[in-house]
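In case you want the letters, here they are:
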Amino acid sequence: MTDPNLYAALAAASHSAAGYSQKQAVWQSGKLRLYRYQPIARPTSAVPLLIVYALVNRPYMMDLQEDRSLIRGLLAAGLDVYLIDWGYPDGADRFTTLADYIDDFLAGCVEEILRLHGLDALNILGVCQGGVFSLCYSALHPQKVRNLITMVTPVDFHTPADLLSKWVKKIDVAAWVGDGNVSGDALNQLFLSLMPFRLTQQKYMELMRGRADRERIENFMRVEQWIFDSPDQAGAAFLEFVTWFYQENRLVENRLEISGRRVDLKELRQPILNLIGRKDHLVPPAASAVLQRLVGSGDVTTLEFDLGHIGMYISARAQREVPSAIAGWLAVR
Amino acid sequence: MEHDFWRQWQTLAAQWAPAAAPGAARGEAVGFAPWADAAERFTAAARSFVQGTAQGSPPAAAEAVRDFGDFLREQFADAFQLPGGQAFGAARGAPPTFGMDLPALGPTREHLQRGQRAAEAWRRTEDAQRRLQRLWSDALRDAAQGFAARLTPPQPGAVSPEALHALYDQWIDCAEEAYARTAHSDAFCTALADFVNASSQSRRELQSIVEQWAKLLDLPTRSEINTLAQRLRSVEAELRAARSERKPQAAVKASRTRRKPKP
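Chains as they are written, first to last, in the numbering used here: chain X, 1 to 333; chain S, 334 to 596.
Treat each hint with caution, since some may be false.
[Said to hold, decoys possible] Straight-line alpha carbon distances no greater than 27 Å define the calculated DSS-like cross-link-like pairs of lysine-lysine that follow:
id	chain 1	residue 1	chain 2	residue 2
1	X	Lys279	X	Lys144
2	X	Lys203	X	Lys279
3	X	Lys31	S	Lys580
4	X	Lys166	X	Lys279
5	X	Lys23	X	Lys144
6	S	Lys580	X	Lys144
[Stated by the list, open to error] Stretch-level coverage of chain X by chain S, calculated; a stretch enters the list once three of its residues show a Cβ under 8 Å from a Cβ in chain S:
id	stretch
7	176–185
8	196–207
Keep in mind that the hints were calculated from the coordinates and are not lab data.
Every residue gets a Cβ at the ideal spot worked out from N, C-alpha and C, and that includes glycine.
Input sequences plus hints: build the corresponding full structure.
Below, the structure written as C-alpha cells:
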C-alpha cells in the first residue's frame, strides 16, 4: 500500500545532486572545469588519478551522495582524484569536434595535472564514453598515461546485443545533427526507449510501493535528477562519435583518426584495468570485453560485476567492490 | 497525447494511491484525480481476470486472459514517445499537401519547391510513424500473449495489493521481452531510421523557409551566425598554432639565456 505521505514527500524533495565531496577547480578551458578532490585519507600513491566522464550526462554521478560515491571510495583509499566536468555545451559549441575534446580539452587537463605534480605520467579512469576518449588519448599519448582504467566502456560497437548501434545504423546522422547541437531531451527519449516499460513506468511504480521516508525519496530524486540532467551535445563531436564509432566501428577496425593521427590500440602498452557490468543494457559486456585482445599491453585485467550501467556507480555493491578493486589494482603497479 | 507515458503510469499508480481508494475525500485526490477513472478500470480488469480464471471452466479462463491482455494492449497503446516528442500512435489523418501537385514555375518556383519538399518530408515522417505504431502494437500483442501464457492467477479471495503488484511486474517482464524482440528487428530499425531521416529533412526545409522570411525582414539567420562561428574557430586555431610555435622557441631562448655565464 502506498504511504499516504508519498506524494507530499516527493513534492517537497530537494534537488541537490551536485556532488558530495569537497573539491576545487584547478583549471578551466571554455566551459570545461578540472576539479581536484580534497583528500580524506593518508595518500597511498604519488600518481594522481584523472576521471574522464562521458559527455552525455553530468559527472556528479560519480559522487552522488556520501554513501553512494565512487569518488569517495577512491579518496578513502588514499588516491589523489581529479575529475573533468565538460560543462553544458550551447549553440556556440556546435562546431566543437572530438579532436577538440580529446586532443585539446582532455590533453590540457593532463598537462595541467602533470605540471602541478611534476610528473611525466598519470593514471586515468575513463567512464563510458569518457572511457572511449581515454582510450583514444592514451593511444595517441601513451607516454603520459601510466595506468589506464576503463569502466563500462564500449570498444566494439557492433556486438549483437547493442541496440543503439542497430538503431543508428541507417540514420543519416549528418542530417539529424544539421549544423546544430543535439538536444539532451532527445537523447533522454532515446535512452528511455531502450527499455520503455521499465524506465518510464515500472520504476515509478516501485517508487509508489515504498515508504515516504525522506532519505529514500531524496535518494530517488538525486538519481532522477542525474538521469534527466542531460547536456545538449556539441553537434560536430556528436556526429563524429556516432558515425565513427557506432556506425563505422573504426576503433576496433583500426581506422580511427583523431587530429589526423591514427588511434592504434596496440599503442596501449601500459597496465589496463577494464571494469564491466554484466547487466549493462547500454554497453553490452561483449562490447567492452574485446579490449583485452586489441591492446598491446601484456598486463590487462578484466573484472566483471553483476551490475547494470548505473548500478556500477551507485549501487551498494558497487560501493563495496569497485573502488577497492581500482585501488587494489593500482597499489601494485 | 503529449507526455502520455507519464499519464499512463500515473493511471496505474493511482490505484495504490489514497486518492483512488473508495471513499477517499475529494481533497486528497489532488495530483491524482485526473487518472482515478482509468485506475478504476485497471482494477476492474484485474478483478475480472482473477474471477474469470477462478471459475474453473477453460473457456471462461481463456476469455478472462484474453480480455486482460486486450486491456493492457489498449492501456499501453500510446504509452511511449519517440525522440522528437510524438507518441507512436499519434500519426493520424492525411498529411498536408501544400500544393504538391502544382508545377513549380515562375518567380515563386523556389519558394514553392521548398514548401513541397517540406510537405513531402512531413508525409514520409508520418508514414514512418505509422509503421512504428504498427510494430509497437505488434509488440504489445506479443507481450499480451506471452503474459497470458505465463499467468498464474491469484486466489480470488486474495486480490491484495501484493497480488496486483505481482501481476503488474509479470506484465512488465513480458512487455520488455516482446519489445526487445521488435526493437532489434530490421523492420523496426528501418522504420525508426526513416522516421528520423524524414524528420531531419522536414526540419531542414522549415529552417530554409524561415531563413527566407528572415532575409526579407533583414534579420540575422542561423546560417550567417554559423559562418561567423566557423571563421572565429579558424582564427582561434591559427592563434593556438602560433602560440605553440612560439613556445618551443621561447624555451630554447630561455635555455640559452640560463647557460650564459653571468658577467
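Now the hints, each set against the structure:
1. X:Lys279 with X:Lys144: violated (33 Å)
2. X:Lys203 with X:Lys279: holds (17 Å)
3. X:Lys31 with S:Lys580: holds (25 Å)
4. X:Lys166 with X:Lys279: The given pair, whose Cα atoms are some 19 Å apart, holds under the 27 Å limit.
5. X:Lys23 with X:Lys144: holds (24 Å)
6. S:Lys580 with X:Lys144: holds (20 Å)
7. 176–185: holds (count 4)
8. 196–207: holds (count 8)
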